[in-house]
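Use these hints to put chain B onto chain A, whose structure you have.
Below, each chain spelled out in residue letters.
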Amino acid sequence: MRFVHLHFLFLLFASGLPAGGLLAQDQSDEQPKLVMPVEDGASLSADEAYEEAIKDFTSGSYDDAEAKFLTLVKRGLISKELYFNLGTTLEKKDEAGRAALWMRRALLLAPGMVEPRQNLVYLKKKLGYLEFADEGAEALFRNLPPTVGDWIAMTGLWLVAICLAMAFLLPRYQERRFRPLLFACLAAILAFGGAWFSQHYARHYAIENFATVTAKGATALTSPVPDAKAVIDLPPGSEVRILQETGPWTYVEIPGEIRGWLRNEQLAAVWPITFR
Amino acid sequence: MFPRIYIVLLLSLFGTLPLFSQSASEPSVTAHVLSNKVAIGEFGTFIVEVINGDAQMPARIDTEGLEIISSGSQFTQQITNGSRTAKNSYYFRFKGDKPGEFIIPPLTLDIRGKQLITRSIAVTVFEREFDDEARDATKAYFAKLELTKDTFYVNEVVPFSLTAYARGRNAISQVVSPQIDNESFVFRGFREVRTDGGTLGNSNAYFSTAVVPSNLFALKEGSHSLGPAKIGVNILDSSSGFGLSAFFQRAITKEMTTNVVNVTVKPLPNGEPISFTGGVGKFEMTTTPSTRTVSVGDPISMEFVVSGVGNLRTMSAPVFSVPQKGIWKSYEPNKTLEDENDSDGYKEGQAKFSIVIIPEAKVNAIPSFELSYFDPEEEKYVTRKSEPIPISMIEGRSSAAPTVIQFPEGGQNGAGSQMTAAQSPSPEFNGMLHISTGAPHWIADSKIGKHGPFYFAVQAIFSITFFTVLGFGVMRMYKDGRFERATGSGPDNFAQALKKLPGQGATKHDFFHSVNVAIDLWKSEHPSPPKELEKVISRVHELSDAALYSGTLSAEERVSPAEVSEFRNVLEKLPRR
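Line order of the protein sequences matches chains A and B.
When you line the first sequence up against numbering that gives the first Met the number 0, it's residues 0 to 275, in that order.
When you line the second sequence up against numbering that gives the first Met the number 0, it's residues 0 to 576, in that order.
Hints are not guaranteed to be accurate.
As the list claims (entries may be wrong) - Simulated pairs of lysine to aspartate or glutamate, EDC-like, Cα-Cα distance not exceeding 16 Å:
(1) A:Lys-124 / B:Glu-427
(2) A:Lys-73 / B:Glu-427
(3) B:Lys-86 / B:Asp-53
As the list claims (entries may be wrong) - Label pairs and their computed distance ranges (CB to CB):
(4) B:Asn-363 / A:Ala-227: 47 to 57 Å
(5) B:Lys-449 / A:Ala-138: 20 to 30 Å
(6) A:Gly-246 / B:Pro-452: 20 to 30 Å
(7) A:Ala-132 / B:Lys-449: 26 to 36 Å
(8) B:Gly-451 / A:Ala-138: 16 to 26 Å
(9) A:Lys-92 / B:Glu-386: 53 to 63 Å
(10) B:Gly-451 / A:Ala-132: 54 to 64 Å
FYI, nobody ran anything at the bench for these hints, they're computed from the structure.
This one's a predicted model, so the numbers in the text were calculated from it and none came from an experiment.
C-beta: ideal position from N, C-alpha, C; glycine also.
If we strip away everything but chain A, and leave its shape as in the complex, we get (with noise of 0.2 Å):
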């Protein structure tokens, strides 16, 4: 008699877990108060900044434009829309490798915006940077969603679980447990796989590994000193793979599996976003 509602006991802890994790997620969704101060001390609201920030871009004032922009950002203000005005009116001010980082940064937003993509389409017609072919294994890989390792492992791990539980714990199975434990057996190889793709991935196609070019006349290097030997110039907006920081420099891998240094002021993360 003391056990009978035992069942419904994990049954409503199940269910508690990720009621939890939901909640804790939509609180998160939350629209926070965004105020902006200015410089007569008034204080102006994100959109009321942006749309201050568009009216020096239209009338030409770009540098004020960018300053405006760059002030939401490092509020922690993150939209698409943001982003790509920012990068447009960097390409104004001939910063065209930083204003191929921002349009970069409004496509991990928003990866079916067309203005970005089209945006940089021009840049690279116009600086001829190097880019990580957008073809083949590696780009099937880069476009992957990042937590999709997860999702396999985790898939993966309830099912042994579940095929456990039911081999040993039904009686139904008592007498043939042979598929519940097959199946198991593949879903432990099913989590195995995941678990290492999204090792894998997150070392090497996690955005967190990419950077954008954006000084002018950037050259990798054989080393990490300031007279090595040149590796290959790399136009502002070249896209590279951060493989290891040391100091000031930075080993990266070029596309066209080629390999060299740089100073880490010639290029910046897509993402996170940190301002040195």
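Leaving out everything else, chain B in the frame of chain A:
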């Protein structure tokens, strides 16, 4: 009296005695040739005759300029005035491949213990003239190499033929493996055979002929010797057939070598035009563009058909009459020359060239192309020139930035056929798009690399499934009574089992189940009880089982106080350790 037959035998015996004495006379040796003048490639006969003796002959006699090979031997004997002479004749075939005087060396032969030496014989190998047919008619079969001319230019196509002759009508059944080699010439393969026949010269002998025509051209100037060529024919053997040659004749293969032909190859004269590409002969040219309406950067495939008698194999494609750098871009031409369309020196041949050209600027016509060749009859260079072809330019693309179409720079055959597809409009991408002036969509978290709500929802589904299975499984174990044992909360010994024995008000199922558990534990603690005690225990177990498994027990039926008292009393009286 002797019978007459004995008299005849005696006379014969005496008559042969002188013969035996003669055959033992001194041996001698002689050597000669049937003819000491032999044409190149033909065979002569060298004979060594040994009188009154036998000799071991070599299979081959080595000498400079001649190939001498044993071909057989013959034994004859002759009786003259009662004197018998034995003669062994040894035959050799010899032939030479170049003209000149050569010596068949003396042979030293050991005949019946004596060393005899033959004389040396001078042989002349000569080159047969074309019209030397009367002498050839003395042979059963021979072959000839004939060229239509013996003086010609480098790269000029010259027809020639190999002809096999065999005595008799329809004597040649098949021609096999005609062959001629010379590194200074390029020979076209032998593809056809013409058979014929007739008498040669003044002789009445009828010869069947097989003519294998071909053509050649020279790579190097100077004097050259062509041949001897080789030709094999299957000849019908008239000696076979047992008198029924029409039915039983057999074919034998004869390998023949031809004469040598000396030729003079003249170099092409200096002063060739820029558009001369190696053709020698007499040719015409037609030109066809793939389209007459283009825009800057669009490809045009130019097709040239060159036809005529001469060497098409050494000819390259026509070229612009005037260099078109910066106006027209041209790619490596593609040449098509089928074997059956090649000129053999008599009939016309045809070669096709295609060149992809691209206008790099606005033009109104395709400029003229030129093709120059050397005419060996006129002994001068001739230039064929196409007329400019008007074209219409359309504004498909900006002439400042012409479309870049990836052609193989090094040139590839068939490049023209890849470039005929129509171009679809493509954007220019000459500037950045204007900024977005609409209201921004702020988000608090980019969620890049983070799990969304769907992920957690799926986790919830999985966890619900898992815990449901787990819950049902645990409940089942509990119902089956396994839970307590599995979790370790059941009685560990008889004393505990007795203490946990349900009392009045419990269900019969629980009570008798506990009784059975207590008895099982007592049995495990007392593996060898007294017999009387064992009977009592068995009896109690039977009663408990009967209550549990009789089928009459309902789930809610309660145990009576009397039953509790009875079973508890029995169990409490059992000895304990």
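Under the constraints set out in the numbered hints, which ones does this structure not fulfil? 2, 6 and 10
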